[in-house]
Amino acid sequence: MLADDLKALKVADLRRILTTAHTAAPARATKADLVARILDSKDAQDAYLTLYPPPPVAVAAPAPLPQSTETPPPPPPQKDASLPPEDSELEKRKARAARFGIPLVNDDSDKLKARAQRFGTAAASNVDAEELEKRQRRAARFGTNPPVRLPPLSPIHTPTHLSPPGCLLVTFSPAMTSSTQSTNLGWPDQESICKYTSYTEPLLSSELARRASATTLGDTHLVSFQPSPNPHLANQDRYVVQDWPLPDGLWSFRAIFDGHGGHATVDYATQVLPTQLKQHLEARSQSHPDYISQLLHDTIVHFDESLKRDLLAILPDVDVIAQMTNDKLHTLVGDLQASEDRDMVLKRCMHGTTALIALFDPPKRNLWVATLGDGIAGMSIHIPPLPSSHPLYQALGKKDHLGKWSASLLSSFHNGCNDAEVEQIRKDHPGEAECVRNNRVLGAIAVTRALGDHCFKLSPIFSDQIFSRTYPGFSFSATSLEEIIARNLTPPYVSNRPDVQHVNLNNDQYQETRLIMCSDGLVDLYLDQSESLTQEQLPEIWLRALDKRDTSSNTGDNLALALLRHALGGEDAETVSRNMTLEYEEAKWMDDTTILVQGI
Numbered sequence: 014m015l016a017d018d019l020k021a022l023k024v025a026d027l028r029r030i031l032t033t034a035h036t037a038a039p040a041r042a043t044k045a046d047l048v049a050r051i052l053d054s055k056d057a058q059d060a061y062l063t064l065y066p067p068p069p070v071a072v073a074a075p076a077p078l079p080q081s082t083e084t085p086p087p088p089p090p091q092k093d094a095s096l097p098p099e100d101s102e103l104e105k106r107k108a109r110a111a112r113f114g115i116p117l118v119n120d121d122s123d124k125l126k127a128r129a130q131r132f133g134t135a136a137a138s139n140v141d142a143e144e145l146e147k148r149q150r151r152a153a154r155f156g157t158n159p160p161v162r163l164p165p166l167s168p169i170h171t172p173t174h175l176s177p178p179g180c181l182l183v184t185f186s187p188a189m190t191s192s193t194q195s196t197n198l199g200w201p202d203q204e205s206i207c208k209y210t211s212y213t214e215p216l217l218s219s220e221l222a223r224r225a226s227a228t229t230l231g232d233t234h235l236v237s238f239q240p241s242p243n244p245h246l247a248n249q250d251r252y253v254v255q256d257w258p259l260p261d262g263l264w265s266f267r268a269i270f271d272g273h274g275g276h277a278t279v280d281y282a283t284q285v286l287p288t289q290l291k292q293h294l295e296a297r298s299q300s301h302p303d304y305i306s307q308l309l310h311d312t313i314v315h316f317d318e319s320l321k322r323d324l325l326a327i328l329p330d331v332d333v334i335a336q337m338t339n340d341k342l343h344t345l346v347g348d349l350q351a352s353e354d355r356d357m358v359l360k361r362c363m364h365g366t367t368a369l370i371a372l373f374d375p376p377k378r379n380l381w382v383a384t385l386g387d388g389i390a391g392m393s394i395h396i397p398p399l400p401s402s403h404p405l406y407q408a409l410g411k412k413d414h415l416g417k418w419s420a421s422l423l424s425s426f427h428n429g430c431n432d433a434e435v436e437q438i439r440k441d442h443p444g445e446a447e448c449v450r451n452n453r454v455l456g457a458i459a460v461t462r463a464l465g466d467h468c469f470k471l472s473p474i475f476s477d478q479i480f481s482r483t484y485p486g487f488s489f490s491a492t493s494l495e496e497i498i499a500r501n502l503t504p505p506y507v508s509n510r511p512d513v514q515h516v517n518l519n520n521d522q523y524q525e526t527r528l529i530m531c532s533d534g535l536v537d538l539y540l541d542q543s544e545s546l547t548q549e550q551l552p553e554i555w556l557r558a559l560d561k562r563d564t565s566s567n568t569g570d571n572l573a574l575a576l577l578r579h580a581l582g583g584e585d586a587e588t589v590s591r592n593m594t595l596e597y598e599e600a601k602w603m604d605d606t607t608i609l610v611q612g613i
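Just so we're aligned, residue 14 is where the sequence shown starts under the working numbering, counting upward by one.
Don't take each hint at face value.
Okay, derived cross-link-like pairs now, SDA-like style, lysine to any residue, Cα gap no bigger than 25 Å in a straight line [what the hints assert, rightly or not]:
(1) Lys440 to Ser421
(2) Lys377 to Lys321
(3) Lys377 to Ser488
(4) Lys55 to Ser488
(5) Lys341 to Lys377
(6) Lys23 to Glu598
(7) Lys601 to Gly612
(8) Lys601 to Ala25
(9) Lys561 to Gly612
(10) Lys321 to Asp311
Everything labelled a hint here was simulated from the structure, so no lab data went into it.
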């Protein structure tokens with residue numbers, strides 16, 4: 014019976030079945046509850062059969078038909094000796110087709126041979142590289158065989174206000190090859206468990222540009238990359254590039270939002286926060302740098318507070334929620350989620366996002382960088398050769414006055430690995446040993462400041478009674494929801510207050526300036542290579558990577574793509590291929606990575 018089969022599974026397996034079926038289960042459900050939930054859901058039962066298919070059942074041979082004694086049975090058909098024997102692979106495909114009730118589909122080569130025999134044409138055959146090159150020269154001469162357009166990837170989330178780049182046109186040549194390889198992911202005790210596609214140039218560079226949605230908008234260079242082929246693990250990074258014609262000139266807004274837990278908060282922040290900041294700039298009474306810094310800070314805080322206000326507006330008072338029965342709570346949450354607008358209000362507080370914002374005034378003599386979370390912003394400045402009489406000569410010293418680039422970090426790092434952030438949280442929550450555990454807030458979340466994530470900002474009753482009953486629910490890889498609720502004693506634990514830094518850009522002093530912004534995915538790629546690296550060292554590393562970028566890698570003029578290529582393996586085509594195409598769907602083995610390089 015199905016119930017007995019389910020009882021034989023582990024709790025983790027039962028939850029996996031419900032997750033696959035997109036069927037909600039209470040956070041505190043017992044094994045019996047999970048089994049009952051699966052038995053009550055047809056989708057969950059279908060998911061069980063998909064994940065744990067029954068073994069093939071041997072079918073008894075049918076009884077022989079009675080045969081007439083008057084007419085002898087016809088002899089069994091004899092195979093034509095001239096026909097080729099059926100191979101074992103074809104027999105397997107026939108058996109599979111019979112087992113699952115699906116049509117037998119011939120290989121493309123079989124179709125081509127049958128078509129050639131039917132129409133009296135020659136079937137295509139394998140040709141060597143020399144013959145292929147001759148055909149391509151003939152095609153180029155007579156205008157046949159147009160370039161092949163690469164098919165687009167599965168749909169990914171891209172900023173709604175930015176047009177996704179078109180497909181790349183690539184003309185294939187014998188030198189452009191790809192092959193399937195295997196890797197054990199660096200686990201020496203494991204066999205080769207994952208496949209990937211190995212590319213050679215120039216196909217490798219064009220494929221990376223396509224998968225990373227490489228885009229150049231004026232003097233802004235962009236990529237956003239998540240290699241997982243699993244659509245349920247789609248990229249949650251977003252970027253925004255906007256220029257605002259205000260009464261005093263053209264203001265420039267650049268931002269990267271790194272979502273987590275889901276797409277609701279990051280999508281809403283991308284759509285709403287820039288508009289709110291633009292409106293506040295239009296209504297401002299002055300333009301002093303300190304005033305703009307405070308305006309930017311307050312806009313971010315007020316945006317996050319509005320998420321909480323919207324949630325409290327659709328819920329009963331806390332005292333009422335505390336007295337509600339389990340059935341009434343399920344009904345309340347179900348009614349809220351039945352409304353698309355109210356469902357999104359819930360999810361915007363459950364999900365979260367970091368924010369990394371750069372704002373330029375019209376003459377681009379002032380830059381403001383706001384950090385909320387663990388995104389990174391750095392600036393590189395090219396200083397021209399200076400005469401010894403120039404004031405900057407003495408200030409910069411001998412190293413930087415001869416026309417060199419210098420780099421600096423502009424952002425803060427709001428993460429549980431930052432001792433200053435951890436110290437502040439412990440100071441705000443004295444006596445709570447588990448307010449930070451394993452470099453994570455309440456043992457669950459890495460960032461210490463973010464938009465959304467209100468299960469770390471509100472009373473635990475909201476997580477326990479409301480958020481835990483939503484569909485499809487939410488969870489954390491590092492700990493359970495029950496442990497988060499038990500540790501949530503004196504919220505808030507995650508802050509919504511950004512750090513804002515003002516930079517005076519005196520363009521008369523510099524030949525060229527670049528702003529580099531990225532989500533923490535790029536940081537992780539470098540830290541995975543060397544644990545001794547620090548965030549402060551990254552701008553200098555990026556500066557060297559751009560200065561010495563490999564022109565043979567065909568990253569073109571897109572500086573963001575050049576940085577991504579450097580982090581994925583640089584000139585090592587095999588490493589870049591593996592990092593780009595690894596067929597691993599169980600979890601994100603690489604964090605979402607978004608890079609923005611802005612010329613100033």
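Right, here's what the structure says about each hint:
1. Restraint check: the Cα-Cα separation between Lys440 and Ser421 comes to about 30 Å, which exceeds 25 Å; the hinted pair is violated.
2. Only pairs whose Cα atoms come within 25 Å are accepted, and Lys377 paired with Lys321 is rejected, the gap being roughly 35 Å.
3. For the given pair, Lys377 sits about 43 Å from Ser488 by alpha-carbon distance, which is inconsistent with the 25 Å threshold.
4. The suggested pairing of Lys55 with Ser488 holds, with an alpha-carbon distance near 24 Å, which does not exceed 25 Å.
5. Of the supplied pair hints, the one linking Lys341 and Lys377 is violated, its CA atoms being roughly 56 Å apart against a limit of 25 Å.
6. Taking the CA atoms of Lys23 and Glu598, the gap is about 21 Å. The hint holds against a cut of 25 Å.
7. Between Lys601 and Gly612, the direct Cα distance comes to roughly 32 Å. Violation of the 25 Å bound is thereby established for this hinted pair.
8. Using a Cα cut-off of 25 Å, the hinted pair Lys601 and Ala25 holds, with the two alpha carbons roughly 19 Å apart.
9. Restraint check for Lys561 and Gly612: the C-alpha separation of about 18 Å stays at or below 25 Å, so the hint holds.
10. With a C-alpha separation of about 16 Å, the suggested pairing of Lys321 with Asp311 holds against the 25 Å cut-off.
Checked against the numbered hints listed earlier, the structure breaks hints 1, 2, 3, 5 and 7; every other hint is satisfied.
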